[in-house]
Amino acid sequence: MVDGSSSVATGPSGPEAHGGRSDAEAVLAGAGRSTGSPSPGGRPPATRQGARLRLYHIMAHYGLLIALIVAVAGFSLARPSSFWTVGNLQDILTQSAAPAILAIGLTVVLVVGDFDLSIGSMLGLGGSAAVAMMSLHGTDWEVALIVALVVGLIAGVVNGLLIAYFKMSSFIVTLAMGTILLGVNFLVAGNQTLFSNIAPVYLDFGRLRTVGNINLQVFIALGVAIVAWVFLERTETGRYMYAVGGNSNAARLSGLAVQRYRLAGFVLAAIAAVVAGVLVTAQGGAAIPNLGAPYLLPAYAAAFLGTAGFSEGAFNVAGTVVGVIFLSVIAAGLTMFGISTGWIDIVQGAILISAILVSDVGRRMVAAAVRPTAGAG
Amino acid sequence: MVSVPPETIGYLRYVAADYSDGLMYNSFVQAAKVLGWKVVSCDGQGTPSVMAACMSTLISDHPNAIVNDGIPQSLIAAGLQQAKAAGIPLVYTSGTLAPGSTSIYSGTNLYDAGFTTPDQQMGVDLANYVVKQLASVPGTKDVIDQTFPVAEWGVVRNIGMESVLSGQPDIKIVASPQANSANLVQGTTTTISALLSQYPKTKVVWITFDGTVSGAAQAIQAKYAGQTFPNAPLLVTFYADPQTDQLISQGVVSAAVNVQLQACSWIAVDQLAQYFARKTPMSPDVRPNYSGLNFFQTQVITKANVPAGNAFPAPPVNYVTYFTAKWHDEFKLP
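In order, the protein sequences belong to chains A and B. Residues in the first sequence are numbered consecutively from 1, following the working numbering. Residues in the second sequence are numbered consecutively from 1, following the working numbering.
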């Protein structure tokens, strides 16, 4: 992305993630992230074209949400006695909680224009480190949590330093870091599944039923989502992070400490991964080797799906959360239809491509329609 | 009495992090130590490329034999062929590996011998336990059967189960999802949760591959917190490893059928010892006859008989004592 870093072409803030917008548009996106709407000063489009633009605008802003509603409605109609039940919806939310926290952390990194492929391993190591502290070293759960968070902090700082300050490719550094963390995970856990001497309070993080019989994890994820949303959307720092991701050169020339924001992105992603790891191991009551591997790609899928909702092609917390829930709904619904795991993976992948395609086409159409009117105005 | 030459055995581990792998490997080392053999191991990490590298490394050490714990030959065919060309005997110890295997010499088998557990019988015995438990429940009883067709032992465990349940008209398998090798625990939680919502009258969740049982346990715990059978489904699986034992103690897993997987390793060492010391060909039988002793007697482990301290169940027939005594009688030991 920026600072002459090698991730310019591959970073999600590049043209692919912003629907082919120019740097200037991307910088605007960094500030307000609303380039798809017709310019207020532009000539009003013809009625037919206006209707089409409104439709595209709706699809670009709410396409994912509409898809989620359609999926829930479809599965509920097809399986009214099993899908549309309180129990099933609670299950979907519970299973979405830890993946949502992981994906939210990833969203922060994507917002600043980087990739983090180490978050899956970080999730595994975070959970394993906490469980290992209790299971192998007999520490209290509070100490175990602190140790896990410190491990995440260190990994995030190392990622951030190498990428932001030493200008190494985020793709390569985090891929390597993921491998290192996986190795550390095996060492920490003694190459075995850890399940004994886990404090009941720790297990409660993943199992406790709270208000409305809803799992505590759901509220933890909700809290993380709200904090992250406020941070990115309603604070100066958050807006600067979008600016860095939109066009880091412009951001740097504007006086922003680009490197610091990128470093912060990796630290926050690592911390979120540790929290997710804690919840996963708390729910399962065990830490298994290579625990985090299955969580990496769905986190990316959710974050990219999230660009098809709420924010017209930009990574955003609300979109990511809806993306996670959408994937869980699809998995649960298709399972109820007796569709095999292989097909569920294929359908999820196809949905991801379709969502991005629809969102991207919508943005291009809006941009193409707006361009001449803006010029004339 | 004959002497057993001091041999070096290369041992390719499927996944060292796996508990069953550890049981087999440690037992092999323990047995080899009795004969004064050296065991050189390499962890395949469940990854074919690593396994291939391990095979090359082991072959380059010129061992007297190479043993692995149940790696399908398709994953390491090149290494097996290389070893075969170098005249190194190849042995596996594991769950059922070859289709319908009573002999491993059929087809294009690259292994010289293999010693395996009676997985089909385990399926039969666990299914009989299920039938017994369901006898008191009126009406049709739904079963969710999570299969694992990737492995032959997974296939034959289900064949055993189906042979029993097919004679039970009031027990119905309503769903047979496959365990996802790439997402064993979380994938199982998602799948079983959805299926329990779809089939709320489910009375049994059958987990063919024990590696996924904690995922199924999470799904059942979330849906039936604090409830036990028959208000919650029975959760049954294979092998009473320590984690499963803990889940049995907590009442989350209802039963696990167990056999002494490690006996395969002792049999492998004995067969190799006979081969090295007497040039006797290794047995073509996957469970050779040792004076009619059944080292693979199945045990259904429940809350009533789960071992203290969540240990692996003690063997009904002590193969360690048997083979140690046998070798002291037959061989001049170091």
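Keep in mind that the hints were calculated from the coordinates and are not lab data. The reader is advised that the hints may include incorrect statements.
[Claimed, not checked] Lysine to aspartate or glutamate pairs mimicking DMTMM-like chemistry, simulated, CA-CA at most 25 Å apart: (1) B:K279 / B:D43; (2) B:K303 / A:E233; (3) B:K303 / B:D329; (4) B:K132 / B:E162; (5) B:K223 / A:D204; (6) B:K84 / B:D61.
[As the list claims (entries may be wrong)] Simulated restraints, written as ranges between beta carbons of each label pair: (7) B:P316 / A:H137: 55 to 65 Å; (8) A:L175 / B:P6: 29 to 39 Å; (9) B:K33 / A:A176: 55 to 65 Å; (10) A:A78 / B:P149: 52 to 62 Å; (11) B:P230 / A:L222: 33 to 43 Å; (12) A:S196 / B:P316: 54 to 64 Å; (13) B:S249 / A:R252: 57 to 67 Å; (14) A:R260 / B:N231: 31 to 41 Å; (15) A:R234 / B:A225: 29 to 39 Å; (16) B:S56 / A:L175: 46 to 56 Å; (17) B:K33 / A:H137: 39 to 49 Å; (18) A:R239 / B:V50: 29 to 39 Å.
[Claimed, not checked] Among the chain A residues that face chain B by a calculated CB cut under 7 Å, a handful are: (19) S82; (20) S169; (21) T179; (22) N191; (23) N197; (24) T235; (25) P289; (26) A331.
Computed from a predicted model, the values in this text were never measured in an experiment. Ideal Cβ placement from N, Cα and C applies to all residues, glycine included.
How the hints compare with the structure:
1. B:K279 / B:D43: violated (30 Å)
2. B:K303 / A:E233: Answer violated: K303 (chain B) to E233 (chain A) is near 53 Å, above 25 Å.
3. B:K303 / B:D329: Violated, at roughly 40 Å.
4. B:K132 / B:E162: The given pair, whose Cα atoms are some 15 Å apart, holds under the 25 Å limit.
5. B:K223 / A:D204: Holds, at roughly 16 Å.
6. B:K84 / B:D61: holds (14 Å)
7. B:P316 / A:H137: 55 to 65 Å: At roughly 36 Å between Cβ atoms, H137 (chain A) and P316 (chain B) fall outside 55 to 65 Å, so the hint is violated.
8. A:L175 / B:P6: 29 to 39 Å: violated (45 Å)
9. B:K33 / A:A176: 55 to 65 Å: violated (39 Å)
10. A:A78 / B:P149: 52 to 62 Å: Since the Cβ atoms of A78 (chain A) and P149 (chain B) sit about 27 Å apart, the hinted range of 52 to 62 Å is violated.
11. B:P230 / A:L222: 33 to 43 Å: holds (35 Å)
12. A:S196 / B:P316: 54 to 64 Å: violated (26 Å)
13. B:S249 / A:R252: 57 to 67 Å: holds (59 Å)
14. A:R260 / B:N231: 31 to 41 Å: violated (56 Å)
15. A:R234 / B:A225: 29 to 39 Å: With Cβ atoms ~38 Å apart, the hint holds.
16. B:S56 / A:L175: 46 to 56 Å: Since the Cβ atoms of S56 (chain B) and L175 (chain A) sit about 25 Å apart, the hinted range of 46 to 56 Å is violated.
17. B:K33 / A:H137: 39 to 49 Å: violated (31 Å)
18. A:R239 / B:V50: 29 to 39 Å: violated (46 Å)
19. S82: Check passed: Cβ of S82 (chain A) comes within 4 Å of chain B, closer than 7 Å.
20. S169: This interface hint is violated because 24 Å lies over the 7 Å limit.
21. T179: This interface hint is violated because 12 Å lies over the 7 Å limit.
22. N191: holds (5 Å)
23. N197: violated (11 Å)
24. T235: With a minimum Cβ separation of about 33 Å from chain B (threshold 7 Å), the hint on T235 (chain A) is violated.
25. P289: holds (4 Å)
26. A331: holds (5 Å)
Hint violations for this structure: numbers 1, 2, 3, 7, 8, 9, 10, 12, 14, 16, 17, 18, 20, 21, 23 and 24, all remaining hints satisfied.
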